[in-house]
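**Q** Counting in our numbering, the sequence shown runs from 1 upward without gaps.
Hints in this document: simulated from the structure, not taken from any laboratory.
All values derive from a computational prediction rather than experimental measurement.
Cβ atoms here follow ideal geometry from the backbone N, Cα and C, with glycine treated the same way.
One should not assume that every hint holds.
FRET-style restraints, in silico, Cβ to Cβ [as the list claims (entries may be wrong)]:
1. D18 x R67: 24 to 30 Å
2. M70 x K10: 46 to 52 Å
3. H8 x R67: 37 to 43 Å
4. K77 x S29: 27 to 33 Å
5. E63 x G16: 32 to 38 Å
6. N71 x I15: 23 to 29 Å
7. D45 x W14: 22 to 28 Å
8. K77 x G28: 33 to 39 Å
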Amino acid sequence: MFTDIRKHGKRPLWIGEDIWAELNAAWGSEEYTRRDQNRQNRASDVGGLGSFLHTGGSVPHTEHRRRLVMNFKYFLKLIFNLY
1 MFTDIRKHGK
11 RPLWIGEDIW
21 AELNAAWGSE
31 EYTRRDQNRQ
41 NRASDVGGLG
51 SFLHTGGSVP
61 HTEHRRRLVM
71 NFKYFLKLIF
81 NLY
């Protein structure tokens with residue numbers, strides 16, 4: 001919610017003017033800019049492997065998907081003699 005407000009740069013009616021001024025000062029600070037850049041870096045797509053944020057450990061989610069597909073095909077082969 002606050003991300004959208006910050007990006008649009010328009011004060012909602014439910015935020016007072018004094019609070020809005022404090023928020024803009026905080027969002028414009030060097031510390032906030034540095035933290036925001038670090039957050040974006042952590043959530044970025046590196047080398048086409050997908051986001052490294054919440055990927056189920058050190059294995060990229062694309063590798064988890066590949067393993068699940070292989071296991072599912074093996075299961076179908078055992079049960080239904082497919083593939």
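**Q** Now tell me, hint by hint, if it's right for this structure.
**A** Hints, one by one, checked against the model:
Evaluation of the 24 to 30 Å hint for D18 and R67 yields a failure: the beta carbon distance comes to about 54 Å. Separation of M70 from K10 is about 50 Å and conforms to the stated range, judged on CB atoms against 46 to 52 Å. At about 41 Å, the beta-carbon gap between H8 and R67 stays in the expected band of 37 to 43 Å. The hinted range of 27 to 33 Å is not satisfied by K77 and S29, whose Cβ atoms lie roughly 58 Å apart.
At roughly 49 Å, the beta-carbon separation of E63 and G16 lies outside the given 32 to 38 Å, and the hint is violated. A hinted range of 23 to 29 Å is violated for the C-beta pair N71 and I15, which are about 50 Å apart. Roughly 35 Å separates the CB atoms of D45 and W14, a value that falls outside the hinted 22 to 28 Å. Range check, K77 to G28: Cβ separation about 59 Å, and the 33 to 39 Å hint is violated.
Violated hints for the displayed structure, listed by number in ascending order: 1, 4, 5, 6, 7 and 8.
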